[in-house]
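Undergrad: Each chain, letter by letter, is given below.
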Amino acid sequence: MGNFILKMMDKMKPTFSKGGKLGWLHSSFDAFESFAAVPATVTSGRTQIKDCVDIKRVMSAVIVALLPPFLFGMWNTGDLHSAAFGLDWGFWMKVWYGFYRILPLILVSYIVGLGIEFAVAQVRGHEVNEGYLVTGFLIPMIMPIDVPLWVLALAVAFAVIFGKEIFGGTGMNIWNPALLARAFVFFAYPSTITGDSVWIGGMGKHADKLIDGFSGATPLAQVADGAAGAPDFMQMFIGNIAGSFGETSTIAILLGAVILIWTGVASWKIMVSCVAGALAVGLLANGCAEPGTFAAYPAVNHLVMGGFAFGAVYMATDPVSSSQTEVGKWIYGFLIGAICVILRLFNPGYREGMMLAILLMNTMAPLIDWCVVRRNIRRREKRAVTAK
Amino acid sequence: METIRLRKGLDIHLQGEAQKTILQTLAPEVVAVRPSDYKQVTPKLLVQEGDVVKAGQFLFSDKKRPEICFSSPVSGTVKAIVRGEKRKLLAVEITPDAQTEYVKFEPVKEPSKATADEIKKRLLDSGLWACIIQRPYGIIANPAETPKAIVISAFNSAPLAADTKFTVKNDVDAMQIAVDALSKLTDGKVYVNISAKDDNACPLSMLRNVEKTLFKGKHPAGCVGVQISHLCPIGKGEVVWTLKPQDLAAIGRLLSKGIYDVMRLVAVTGPRAINPAYVRCTPGCSIESIVKAVGVKEEETLYGQECGVRYVSGNPLSGENVGRGGYLGFYDDQVTLLTEGNYRELFGWAKIFRPKKFSTSKTYFSWLCPKKAYKADTNVNGGERAFIVNGVYEKVLPMDIYPVYLLKAILAQDIEKMEQFGIYEVIGEDLALCEYICPSKIEIQKIVEDGINLMLKEMA
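Line by line, the protein sequences give chains A and B.
This note's numbering puts the first residue of the first sequence at 1, with every later residue one more than the last.
This note's numbering puts the first residue of the second sequence at 1, with every later residue one more than the last.
It is worth saying that the hints were derived from the structure and are not from the lab.
Even for Gly, the Cβ is constructed at its ideal location relative to N, Cα and C.
One or more of the hints may lead you astray.
[Claimed, not checked] Interface residues of chain A toward chain B, partial, derived using beta-carbon atoms under 10 Å: (1) 3; (2) 14; (3) 15; (4) 130; (5) 265; (6) 267; (7) 369; (8) 379.
All chains, please: the whole structure from these sequences, using the hints.
TA: Spelled out as structure tokens, the structure:
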């Protein structure tokens, strides 16, 4: 079987090589070829041997880490749907419903995003980057399940072209492309990503069939508006609540965090400092607030509601758009957590502060790094002076 | 003795460590001196084909610095002058005599009483000056300068490296003479850095009148650049000289006996060597004669592909791929026989377990058997990408440097930034491990060398 695939590719290779009939597609062919088999390239510089890890492996680790919240999201989507419409569904039916609803989003995300990636690689004559395999998986997970597919397609196109390709592709971008897609939807089509009816599958279209008194509001909105019946800490920690597809279950996200930290793909410093920042501002607000207001809401609950946990684990830690220096990572993470809670407390228009906090700090990360690196340069200059 | 502990680094365990036995003293059919062994040297030929030369006789000099010349390691007849494109001098090939005849130099009776100029002159006259490498840039030292220190690494921590406990154990007296003489050339100290693992077992620990420091930690603890950054970091305008133990011994022999004797023990290592062990030969010895002594596993099939042998002069992380027809490099005391990784591994990157391959990444499971020795091959294991993952290089670079910033400054050809980020402190070998573990497969050593070349061009 393996030999068969390799032989097939050898046979097709001349057609797709420069000068061949489909030579203009060589980047795409290379992408598939290197996907199927690690290429036979050998080292050419002074480093004669190399570690067997590559970007494909790193990205695969992120995908694996994303599976717990993804699987939970499938069940949760089905569970909330059956609760909203008074259906008596079993476990597998709920999972099936979630799968049936998320599949089109994933497909659209990958087809549009990878399509653009391949086209750009083709035009530039580069190899196709693996980065979008993660981004394309992340984007549906941070969208409401009812987001229209055409809006999603536009968001993906915007994120890939303006978030990544104009900077030169994966590794060169300033902002996290997945969050940029979400920000695009938020600013361009706010009604598809805000309000109380977008978070439960089918709720917008079939509002008449809802059971009486069902609210599709996210806990964050419920608490901020002082509405009754907001879920408690444990329920939010487990994640059986309304929200974007993948963001609701803190426990599943923690599982992913363990994988990311263990494999060393994401920085634990950013995650820890992010939590510290949120708690610091939250506790400060708790201390100053009058009882009964949103500011008095227990700080620790901020960690399990909305997109905080998902953002802190999967988004803030994006190695390209985050801070690059170890000291910088502490500052960067802390500010994300702090700004997120500040936005939640003081921005009644849009309570979910995580997206904007991360994008803002993505913008600031190079500045933080500049300050950290500047210290290193000073140290080196000072050393030279004292030596003389 | 002070101990400096380095917490960052990586020891790569490979199959084919050299047994501590000397197989034979080689009598190669041909010995070659290659200008490319010496960085930044433009050769001016001083001999012709058919000339009879002695060991220690000049073969070519450096056009830019004519006082620096390069000698024949053996006596014999110049067999061929090998030239490449645009008549570039590639090698001077010599057919050695059965019995080596040496050029006679006046021995320096008491190096501690000799002046700096006398010692410099003797080293320049014999061609052994080329042993002294300066930092920054890793080029041959400028005799007109006085370095702020001379640093000698008494151990090599690279994978499968030759063990100085074995290679120079009988050369303590010669090395003592050399350090006594070299200490005249600097205002500062002569540092000798010993592995904490070896400590008193290291022959260089017996040297007197030097500043000894123990270094504890994984590779690159033995890299002299890393050691310098902890002992006497180099700023703009400062120079430190470095030497290797086997060259120290050669200088000692020159000063005491008056001969250019660069004979050394060379570790022949690597997974493709049948009987990895030491041989005695001079630099420039043909690889053919070296591998004949240890035997080479000619056939190896990986993933259904016949894989040839790669002949590396030096260690697997910073050596040079010289080929079977190549020669041992001037500064090298190791030859590594690796497997060419020209195979395709089906869905290699997606396999959960890849027991034949080593990775520092926890996405694989090499960490389960930390002592296992691997059969390394030369497959790149992926395609080249931009800088994506951050914080990985820092784990194997025990220096106060931000490697990615330095590399980006070099790529942008920004001289000022390169200075600020520490281009004076590094050469390629110091960052070899960064290149080894880089998941983006960026050719870091090449970038660093490009940066150094740019600095030399701009500063000239």
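Undergrad: Could you run down the list of hints and mark each one as holding or not?
TA: Status of each hint after checking the structure:
1. Of the supplied interface hints, the one on residue 3 of chain A holds, with its beta-carbon coming within about 7 Å of a beta-carbon of chain B, less than 10 Å.
2. Nearest Cβ of chain B to the Cβ of residue 14 of chain A: about 17 Å, over the 10 Å cut. The hint is violated.
3. Restraint check, residue 15 of chain A versus chain B: the minimum CB separation of about 19 Å is more than 10 Å; hint violated.
4. Of the supplied interface hints, the one on residue 130 of chain A holds, with its beta-carbon coming within about 8 Å of a beta-carbon of chain B, less than 10 Å.
5. This hint holds: residue 265 of chain A has a C-beta 7 Å from the nearest C-beta of chain B, less than the 10 Å allowed.
6. Checking residue 267 of chain A against chain B by beta carbon gives a least distance of about 7 Å; that is within 10 Å, so the hint holds.
7. Interface hint status for residue 369 of chain A: upheld, as the beta-carbon distance to the closest one in chain B is roughly 8 Å, under 10 Å.
8. Below 10 Å, beta-carbon pairs count as interface contacts, and residue 379 of chain A has one with chain B at about 7 Å; its hint therefore holds.
Taken one by one, the earlier hints fail for this structure at numbers 2, 3, listed in ascending order.
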